[in-house]
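Novice: This is what each chain is made of:
There are 2 protein chains.
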Amino acid sequence: MSTPRAAAYARLKARFARIAALGEAAAMLHWDASAMMPPGGAAARGEQLAVIAGLSHELLTAPEVAEDLAAAEAQGAWDEANLALMRRAHARATALPTALVEATARANSACEKVWREAKARADFAMVRPHLEEVVGLQRETAQALSAALGLDPYDALMDGYQRGVTAAEVEPIFARYEAFLRDALPRAEAIQAARPAPIPPRGPFPVAAQRALCRRLSERLGLDYAHARLDESLHPFCGGIPSDVRITTFYAEDNFAKALLGVLHETGHALYERGLPEAWARQPAGEAAGMAAHESQSLIMEMQACRSDAFLAFLGPELHAAFGGDPAPYAPDNLARLWRRVERGFIRVDADELTYPAHVILRFRLERALIGGALAVADLPGAWNEGFSRLLGLTPPDDARGCLQDIHWYDGAFGYFPSYTLGAMAAAQLMGAARRDLPGLDASLARGEVRPLTGWLREKVHAEGARLGFQDLLRAATGKPLDPQDFLHHLRARYLAAG
Amino acid sequence: MSTPRAAAYARLKARFARIAALGEAAAMLHWDASAMMPPGGAAARGEQLAVIAGLSHELLTAPEVAEDLAAAEAQGAWDEANLALMRRAHARATALPTALVEATARANSACEKVWREAKARADFAMVRPHLEEVVGLQRETAQALSAALGLDPYDALMDGYQRGVTAAEVEPIFARYEAFLRDALPRAEAIQAARPAPIPPRGPFPVAAQRALCRRLSERLGLDYAHARLDESLHPFCGGIPSDVRITTFYAEDNFAKALLGVLHETGHALYERGLPEAWARQPAGEAAGMAAHESQSLIMEMQACRSDAFLAFLGPELHAAFGGDPAPYAPDNLARLWRRVERGFIRVDADELTYPAHVILRFRLERALIGGALAVADLPGAWNEGFSRLLGLTPPDDARGCLQDIHWYDGAFGYFPSYTLGAMAAAQLMGAARRDLPGLDASLARGEVRPLTGWLREKVHAEGARLGFQDLLRAATGKPLDPQDFLHHLRARYLAAG
Chain X
22 MSTPRAAAYA
32 RLKARFARIA
42 ALGEAAAMLH
52 WDASAMMPPG
62 GAAARGEQLA
72 VIAGLSHELL
82 TAPEVAEDLA
92 AAEAQGAWDE
102 ANLALMRRAH
112 ARATALPTAL
122 VEATARANSA
132 CEKVWREAKA
142 RADFAMVRPH
152 LEEVVGLQRE
162 TAQALSAALG
172 LDPYDALMDG
182 YQRGVTAAEV
192 EPIFARYEAF
202 LRDALPRAEA
212 IQAARPAPIP
222 PRGPFPVAAQ
232 RALCRRLSER
242 LGLDYAHARL
252 DESLHPFCGG
262 IPSDVRITTF
272 YAEDNFAKAL
282 LGVLHETGHA
292 LYERGLPEAW
302 ARQPAGEAAG
312 MAAHESQSLI
322 MEMQACRSDA
332 FLAFLGPELH
342 AAFGGDPAPY
352 APDNLARLWR
362 RVERGFIRVD
372 ADELTYPAHV
382 ILRFRLERAL
392 IGGALAVADL
402 PGAWNEGFSR
412 LLGLTPPDDA
422 RGCLQDIHWY
432 DGAFGYFPSY
442 TLGAMAAAQL
452 MGAARRDLPG
462 LDASLARGEV
472 RPLTGWLREK
482 VHAEGARLGF
492 QDLLRAATGK
502 PLDPQDFLHH
512 LRARYLAAG
Chain E
22 MSTPRAAAYA
32 RLKARFARIA
42 ALGEAAAMLH
52 WDASAMMPPG
62 GAAARGEQLA
72 VIAGLSHELL
82 TAPEVAEDLA
92 AAEAQGAWDE
102 ANLALMRRAH
112 ARATALPTAL
122 VEATARANSA
132 CEKVWREAKA
142 RADFAMVRPH
152 LEEVVGLQRE
162 TAQALSAALG
172 LDPYDALMDG
182 YQRGVTAAEV
192 EPIFARYEAF
202 LRDALPRAEA
212 IQAARPAPIP
222 PRGPFPVAAQ
232 RALCRRLSER
242 LGLDYAHARL
252 DESLHPFCGG
262 IPSDVRITTF
272 YAEDNFAKAL
282 LGVLHETGHA
292 LYERGLPEAW
302 ARQPAGEAAG
312 MAAHESQSLI
322 MEMQACRSDA
332 FLAFLGPELH
342 AAFGGDPAPY
352 APDNLARLWR
362 RVERGFIRVD
372 ADELTYPAHV
382 ILRFRLERAL
392 IGGALAVADL
402 PGAWNEGFSR
412 LLGLTPPDDA
422 RGCLQDIHWY
432 DGAFGYFPSY
442 TLGAMAAAQL
452 MGAARRDLPG
462 LDASLARGEV
472 RPLTGWLREK
482 VHAEGARLGF
492 QDLLRAATGK
502 PLDPQDFLHH
512 LRARYLAAG
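Order-wise, the sequence lines are chains X and E.
Residue numbers for the first sequence follow this note's numbering, beginning at 22 and rising by one.
Residue numbers for the second sequence follow this note's numbering, beginning at 22 and rising by one.
Here chain X stands alone, though its shape is the one from the complex (with noise of 0.2 angstroms):
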């Protein structure tokens, strides 16, 4: 017996999941461009990924979408919000013309080629005019976005990445973060300083080795390889779908830290993957809920897990295992003085745990402001130079180790930067409530068994899907919103404690 608003419903179930099946396609091929593809194989996947993209867009903005969304009615939780998610999919997407949609794909992927080369000359003017169009167009979404949803432009790109939360809840966040780092940092640099300096493990580290270390612990993590691979490409990622994870690093023969940690990091992301609620695969309630989310999986994974004291316990002794050679380096103590080391410097990706914010903390400023129009793209690599003085104490010596570093911006992704701090801080809250609900928790880690965090993570978060929010999810497995001081009594713990 089916109503005329149940079968509505299900229409919608069935486009859905269609839709979903094509950005699983595009998943995999996002994977094969950068873990597999030969170079001559670009030109064609660029067409065959608009392609889909554009029938996913002709899809989810066919007209009987709009009336079946009207019509359908959805009974129980899930399938509440999984109809709620649909109506916001279905917003996004008809906000949007299809001559934006089309012209900001060709601006992004114009600009991030030219990007490649200004970065390796660190020559800004020669992708302005580029990134000039590319923040035109981002303007013109987040208005069409602004007036479609209700939301401030700004606001609206970043609920593409982490739907709900806005930059009103964000900026006292990052504010507070940014008044502790002052005081912080340079307590946490004396208390280095007076420590023994880490001796630095002897390679080479044979490639072999890493590997199968990688793959050995991404199991102990909860990693099954019947449903993942690990490869290698030139930025570690994961990629793929729920049923089929796909990690990837890349070996240095002269450090497996880079390696070992992107992996422990990306299987973060990949137990999320595999841990979402399989009965909603290919429905919006089934997907992660967001980009902050996500991260919160591959750092409380790689940060809060695997850099503790109690898992270099007994990482150390496995790493002497398997690489040979003097003790000493891998003593647990020493890896800990090695993996947590603070230094200032430029890159956001080779920052450490406690100044990474304040890299995130400048982009989110700044790229609010070149989305509201007070900043100018001419003048961000003096707002950035600027910026990153006020937070670091440092000016970058060129715009390659500046405002061009990241590809994001180049490639149009505006409204993302914040998640990887949001992720950061959620990760703190649920590694606490993780050990409030599992007491034995560090005693586990210590003998490397991570999968207790795993099954907790999975029933408090994973099986979530999208069902909750950002803020609904966190406040659901700990009891409340998102709340900075778990991070920073986790950054006190590791980083202030003399002794």
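Hints were generated in silico from the structure; no laboratory data involved.
It is possible that some hints are incorrect.
Because identical chains cannot be distinguished in the list, a pair is counted as satisfied if it fits within a single copy or across any two copies.
[As the list claims (entries may be wrong)] Straight-line distance between alpha carbons at most 25 angstroms, and here's what the computed SDA-like set of lysine to any residue pairs gives:
no., residue 1, residue 2
1, K279, A302
2, K134, Y246
3, K134, D245
4, K134, A302
5, K34, A120
6, K134, E299
Given the coordinates of chain X, assemble chain E onto it according to the supplied hints.
Specialist: Leaving out everything else, chain E in the frame of chain X:
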């Protein structure tokens, strides 16, 4: 100045380019499924490919396509051929009701799954009901296509793999081969028996050395790894797209020949794809000219060029340099005896060049009878064994070495098998023409230079795309339509010349 008739053609070109881009995406996902995908990804991959196939079908059968096809006018040989191919693709797609297409996909996939188990157990009864359903749907498909295209039902299926070739043309060619073989096979066996037995090379042959050798030789044939990859899969194949071809092989440490000859074969396929006319990319006229033409390109490389006396003279020392040890097995005449060994066997994919067509002739006749209704699925094993014994004088000891051995029928591919032998014959005919056009061809091969041949094929075959049908392509390249004489001549020279 675009006339309405020219505008209709332009719209069609844009639509077919979109369909082709979806096909490229599917090709990449198929490659990934065979070469990369963890087992847990299979179900989702099936869903992705089904959605892509469904959308392609919708794009091809949309009402406006029929209008545009009726109105469109194209100028020039290429555009006219392109438009004719569009009409053919549309006629084939619209002939089949969506329900039949979906039922076929489901039945094929279910049957194929059971077949794997049935083959492992040599239990035909287990898969029989599934094969009955598959054959029933293929008959229905053949009837529907027959009515739409004005072809005999079996021909309508074969036309999907090899445009314009009919069973009435194929049967006399195959009958002639059967007659030739009756006499030639015992003679070849006697000649072989009188020669010294070949000395098998002694392994192990490290996989890394095999991989490097395979890559080097495929480059020598003309494959450019800026547009290609060589990977591993259970069965060697050539996948991907023209600007990004993906060949695979399977390495065994105790025998390098299978991997190497597989790579030479797949490289022939890959060179065909690479040489398709770029100006016609993603248009029907820019595709390969069908499966027999494709097989001619793999076999001209593997069988005609690389197993020739000339090339073996080059290859022998190369192999010895790669693997070391006793040089005797790598002597060109020993390689010839090894790699041209005639041996009656049950398995098509292991068959030698002389007996291979018998395997194909058997399947062609049986599948034609299955589709025509003269043979019931229940009677297939008996008919197989009887036919096999008549052709090769052996009776398969079980159905795993009989009618269960190939995936094709169990996956719904009827009308495909003839391509293998039509391709082998076309390869011999093309090689004859190439030898006439390039007087130094064998001398080049003896120096390991295959590119003169590749260049000739690129001009005569690859660059023609699908503009010409199989017979016209051969006519233009060699001066005559398919003529089995050239193949028989080649076999006589290679297997029946005592000495």
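Novice: If a hint holds in the structure, say so; if it doesn't, say that too.
Specialist: Here is how each hint holds up against the structure:
For the identical chains of this complex, K279 and A302 are neighbours neither inside a copy (33 angstroms) nor across copies (41 angstroms), given an alpha-carbon limit of 25 angstroms. In this assembly of identical chains, K134 and Y246 lie within 25 angstroms of each other by CA distance solely across copies; the values are 22 angstroms between and 35 angstroms within a copy. In this homomeric assembly, K134 and D245 come within 25 angstroms of each other (Cα to Cα) only across copies, at 24 angstroms, whereas the closest approach inside a single copy is 36 angstroms. Taking CA atoms no more than 25 angstroms apart as the test, K134 paired with A302 passes between copies only; the shortest distance there is 23 angstroms, against 35 angstroms inside one copy.
For the homomeric pair K34 and A120, the shortest alpha-carbon distance between copies (20 angstroms) is at most 25 angstroms, but the shortest distance inside one copy (27 angstroms) is not. Taking the shortest Cα distances, K134 and E299 sit within 25 angstroms of each other only across copies (23 angstroms), while inside one copy they are farther apart (38 angstroms).
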